[in-house]
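Peer 1: The residues making up each chain are set out below.
Number of protein chains: 2
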Amino acid sequence: MKKVTVALDCMGGDYAPQEPVKGAVEAVKANGNVFVKLYGVKSDIEAELSKYQYNTEAIEVIDAPEIIEMAESPVNAIREKENSSLVKCLRAVRDGEADGMVSAGSTGANLVGGQVIIGRIKGVKRPPLAPLLPTKNGVVLLIDCGANVDPKAKNLVQFAKMGSVYMENVVGIKNPKVGLLNIGAEEEKGNALTKETYSLLDKVDDINFVGNVEARDIPEGAVDVAVCDAFTGNMVLKTYEGVGAVMLSKIKGALLSSLKTKIGALLIKSSLKETMKAFNIEQYGGAPLLGLNGLLVKTHGNSKSVEIKNSILQCVTFQEMDINNKIIEKINK
Amino acid sequence: MKKVTVALDCMGGDYAPQEPVKGAVEAVKANGNVFVKLYGVKSDIEAELSKYQYNTEAIEVIDAPEIIEMAESPVNAIREKENSSLVKCLRAVRDGEADGMVSAGSTGANLVGGQVIIGRIKGVKRPPLAPLLPTKNGVVLLIDCGANVDPKAKNLVQFAKMGSVYMENVVGIKNPKVGLLNIGAEEEKGNALTKETYSLLDKVDDINFVGNVEARDIPEGAVDVAVCDAFTGNMVLKTYEGVGAVMLSKIKGALLSSLKTKIGALLIKSSLKETMKAFNIEQYGGAPLLGLNGLLVKTHGNSKSVEIKNSILQCVTFQEMDINNKIIEKINK
Chain A
11 MKKVTVALDC MGGDYAPQEP VKGAVEAVKA NGNVFVKLYG VKSDIEAELS
61 KYQYNTEAIE VIDAPEIIEM AESPVNAIRE KENSSLVKCL RAVRDGEADG
111 MVSAGSTGAN LVGGQVIIGR IKGVKRPPLA PLLPTKNGVV LLIDCGANVD
161 PKAKNLVQFA KMGSVYMENV VGIKNPKVGL LNIGAEEEKG NALTKETYSL
211 LDKVDDINFV GNVEARDIPE GAVDVAVCDA FTGNMVLKTY EGVGAVMLSK
261 IKGALLSSLK TKIGALLIKS SLKETMKAFN IEQYGGAPLL GLNGLLVKTH
311 GNSKSVEIKN SILQCVTFQE MDINNKIIEK INK
Chain B
11 MKKVTVALDC MGGDYAPQEP VKGAVEAVKA NGNVFVKLYG VKSDIEAELS
61 KYQYNTEAIE VIDAPEIIEM AESPVNAIRE KENSSLVKCL RAVRDGEADG
111 MVSAGSTGAN LVGGQVIIGR IKGVKRPPLA PLLPTKNGVV LLIDCGANVD
161 PKAKNLVQFA KMGSVYMENV VGIKNPKVGL LNIGAEEEKG NALTKETYSL
211 LDKVDDINFV GNVEARDIPE GAVDVAVCDA FTGNMVLKTY EGVGAVMLSK
261 IKGALLSSLK TKIGALLIKS SLKETMKAFN IEQYGGAPLL GLNGLLVKTH
311 GNSKSVEIKN SILQCVTFQE MDINNKIIEK INK
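As you go down the protein sequences, you meet chains A and B in turn. Residue numbering for the first sequence follows this note's numbering, starting at 11 and increasing by one per position. Residue numbering for the second sequence follows this note's numbering, starting at 11 and increasing by one per position.
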């Protein structure tokens, strides 16, 4: 079996190149069917690699000395920095030198680069960025949280189809429940976009559309795929992150407020940590940008090796399960 | 000084009439300047009232035997149920028999009734429903979470002005920071609506507009007033509620997972409870529906007496601070 090749942007994110390099080593240890190409400042990457024992035939280093800054205009960066690790990763996927790529760099540059350099697959109008969020007992795919802030209803129908294929084949949820994120459960609820989208989704017979879903029901795990425009997705995603962070800091404050609570904290610490870990939005790894000629996984800017590793392995599953052909088939039906 | 008269819908919500009646008694005990008119099934209300000691000259009971069900069409209910407690409250405000009203009943019926029966004040195009959400160290007014799902930019400018007057005069925050809820901090970010709204808000010189604010920064308390369309507001509000509820249930599960954690839980219980209470979205009482000829405060369906009491007192402050004239002045400038 031909190995799956993944291009890794080693210069993106807050902990570059240490954590990306570590994540690559962990990925090739975890899965014998992956070959990782590390892009970035060669000497820095090699210095990091020298810390680890690993199968040297599963990793290659490619020099890409230019750096894209977080504050740079995405369009300019993609156009002008041909020797940046990000642009080289994008081109590797475009040219078939890699099956997928992983980057913790600028979201804007990834979104633009994915469309402009990698390019869309047949029939896909707008590629959605779709993070997995933790729920009470599992995960939900929130699609779209990317760049499509004023999409059309037919774009959302494509998101529903792509999300459905992804959850079924990559996450392994049989016949995933697809909900339209809306302000009420009834069909007639919503704004102009959701009303039109509802009537279109209701006619699609090869996804399991269960109707409208309210934002309150997302953390409860009411659906497997929550479809929305990117503005709405951003609101839900960022509120999730913000409320989670503030509640955790409040809990910490309560636990440290007196000697009594500090003793109590020692007794509950490991149990609470385990529970909260499952609800930490950043544990779920990167968000796939779907509908491109090869998978692009965007990880958090502050991602550590485990998120990088899981994102690399996500590319392997994506390739092995032949997701893009399944998407093409569903979209163009 | 003439007492402020508040009409209370005693038949709305999950705990009617017990909790509304209890809330009214608590309100007249807390504030000598309020007169509460209780609307609903007279015999039921009087039976509840007989449980308490209170100044009988501060409370009046008015019979309103019809009940509006939660599942009813708001428009039909408002039109047809003239003898319901809700419609009688709305008419009392319209006719100047009450300065404001409080209801835990159907949100839809309250929104429709507020516009159709009470009516808008001069210059206000769309009345926004504006709940207070807890933040790390205070509260934020999320305006609008009501019925305006496809508003125009100029409507959002009015929301900003009304929210600013409310936070300054009712909550007591000097020169409140007004932010536009958006997907990024930069001026050029957003969808068509937020881009247009930004350029309009930037020209308003009598509010403290601080620019775009991301949903992540709302729980952090970055602004005092967060302006948005009602669809977006609903997403943020419901995500707040959902994530909060799921995290609390997760924490409970962690605390009860073993004998060790149960002992720990006993030690931290009161401190944690106190902390979490401050972040319980339902503690903050009702949401004002602004821009009407008299204040309408919509409380949660499951509100207890403390929320009812605080909502009645909110009507008092609203009247005493002459908020509507301040809104009229700011809107029509």
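Keep in mind that a hint or two might mislead.
Note that identical chains are pooled: a pair holds if it fits in a single copy or bridges any two copies.
Unchecked claim - Once the Cα atoms are required to be at most 27 angstroms apart in a straight line, the calculated BS3-like pairs of lysine-lysine come out as:
no. : residue 1 : residue 2
1   : Lys260    : Lys187
2   : Lys32     : Lys184
3   : Lys187    : Lys146
4   : Lys61     : Lys343
5   : Lys287    : Lys91
Hints are computed from structural coordinates only; laboratory data are not their basis. If you're wondering where the values come from, they're calculated on a predicted model, not measured in any experiment.
Peer 1: Hints first: check each against the structure and report whether it holds.
Peer 2: Hints, one by one, checked against the model:
{"no.": "1", "hint": "Lys260 to Lys187", "verdict": "between (34 angstroms within a copy, 23 angstroms between copies)"}
{"no.": "2", "hint": "Lys32 to Lys184", "verdict": "neither (33 angstroms within a copy, 50 angstroms between copies)"}
{"no.": "3", "hint": "Lys187 to Lys146", "verdict": "within (16 angstroms within a copy, 35 angstroms between copies)"}
{"no.": "4", "hint": "Lys61 to Lys343", "verdict": "neither (50 angstroms within a copy, 68 angstroms between copies)"}
{"no.": "5", "hint": "Lys287 to Lys91", "verdict": "neither (37 angstroms within a copy, 51 angstroms between copies)"}
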